[in-house]
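Enquirer: Heads up: the sequence lines are chains P and Z, in that order. 857 is the number of the first residue of the first sequence in the working numbering; add one for each residue after it. 857 is the number of the first residue of the second sequence in the working numbering; add one for each residue after it.
It is possible that part of the hints are untrue.
For chains that are exact copies, the list does not tell them apart, and a pair is met inside one copy or across any two.
Claimed, not checked - In the DSSO-like style, the derived pairs of lysine-lysine whose C-alpha atoms are separated by at most 30 Å in a straight line are:
hint : residue 1 : residue 2
1    : Lys865    : Lys875
2    : Lys867    : Lys893
3    : Lys903    : Lys868
4    : Lys903    : Lys865
5    : Lys865    : Lys893
6    : Lys893    : Lys868
No wet-lab data here; the hints were simulated from the structure.
Protein chains: 2
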Amino acid sequence: MIRHSVILKLKKTISEAEKQAFFEAVDTLADIPDVQKFEVLNQISPKNRFEYGISMEFDSQIQYDVYSNHSVHVDFIQNFWIPNVEDFLEIDYTHFI
Amino acid sequence: MIRHSVILKLKKTISEAEKQAFFEAVDTLADIPDVQKFEVLNQISPKNRFEYGISMEFDSQIQYDVYSNHSVHVDFIQNFWIPNVEDFLEIDYTHFI
Numbered sequence: 857m858i859r860h861s862v863i864l865k866l867k868k869t870i871s872e873a874e875k876q877a878f879f880e881a882v883d884t885l886a887d888i889p890d891v892q893k894f895e896v897l898n899q900i901s902p903k904n905r906f907e908y909g910i911s912m913e914f915d916s917q918i919q920y921d922v923y924s925n926h927s928v929h930v931d932f933i934q935n936f937w938i939p940n941v942e943d944f945l946e947i948d949y950t951h952f953i
Numbered sequence: 857m858i859r860h861s862v863i864l865k866l867k868k869t870i871s872e873a874e875k876q877a878f879f880e881a882v883d884t885l886a887d888i889p890d891v892q893k894f895e896v897l898n899q900i901s902p903k904n905r906f907e908y909g910i911s912m913e914f915d916s917q918i919q920y921d922v923y924s925n926h927s928v929h930v931d932f933i934q935n936f937w938i939p940n941v942e943d944f945l946e947i948d949y950t951h952f953i
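With the hints as constraints, model all of the structure from the sequences given.
Expert: This is the structure in structure tokens:
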């Protein structure tokens, strides 16, 4: 199991419509093959600067790589992530051994 | 639902025995009342500086507060967290509305 997640902060300058379009585009990532336990979350701790989280799981690194290179993901990064996201941090977990 | 998590990096100077004692102490947190879905994880993304993750869920903010103030948690912070942890980031999630 690999749990891929990202915490992010959106640009202050984007409109409500752009924000809505961004999260609609986020939801399309859930349809990429082998994406499991897809979640969009609010980040509520005052101890960091991020506003939202996205989390998903893959059974293997190969599935994760297929996701990363999938056209839906690549297009999302280009058309929605880069224009809208001010700051982010990627976190990937595996079970503790 | 509140998913409380922390990503962390241990001090390079600690011994294997200290590291083992640290994670044994981490596991005792799971026994604090109302802690659900307790997980200890390896952080494997090369895109951040952290090595491990700890994640748990509470049904309510009140349960989260009880956990934070519980003597097992307070003692853990004093006796294991502060002496062993070099850097960390707390992340708390709720469901996206």
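Enquirer: All the hints need checking, so say for each whether the structure fits it.
Expert: Verification of the supplied hints:
1. Lys865 <-> Lys875: within (11 Å within a copy, 33 Å between copies)
2. Lys867 <-> Lys893: Within one copy only: 27 Å inside, 33 Å across.
3. Lys903 <-> Lys868: both (19 Å within a copy, 24 Å between copies)
4. Lys903 <-> Lys865: both (14 Å within a copy, 17 Å between copies)
5. Lys865 <-> Lys893: both (22 Å within a copy, 26 Å between copies)
6. Lys893 <-> Lys868: within (29 Å within a copy, 34 Å between copies)
Every hint, counting from the list given before, is met by this structure.
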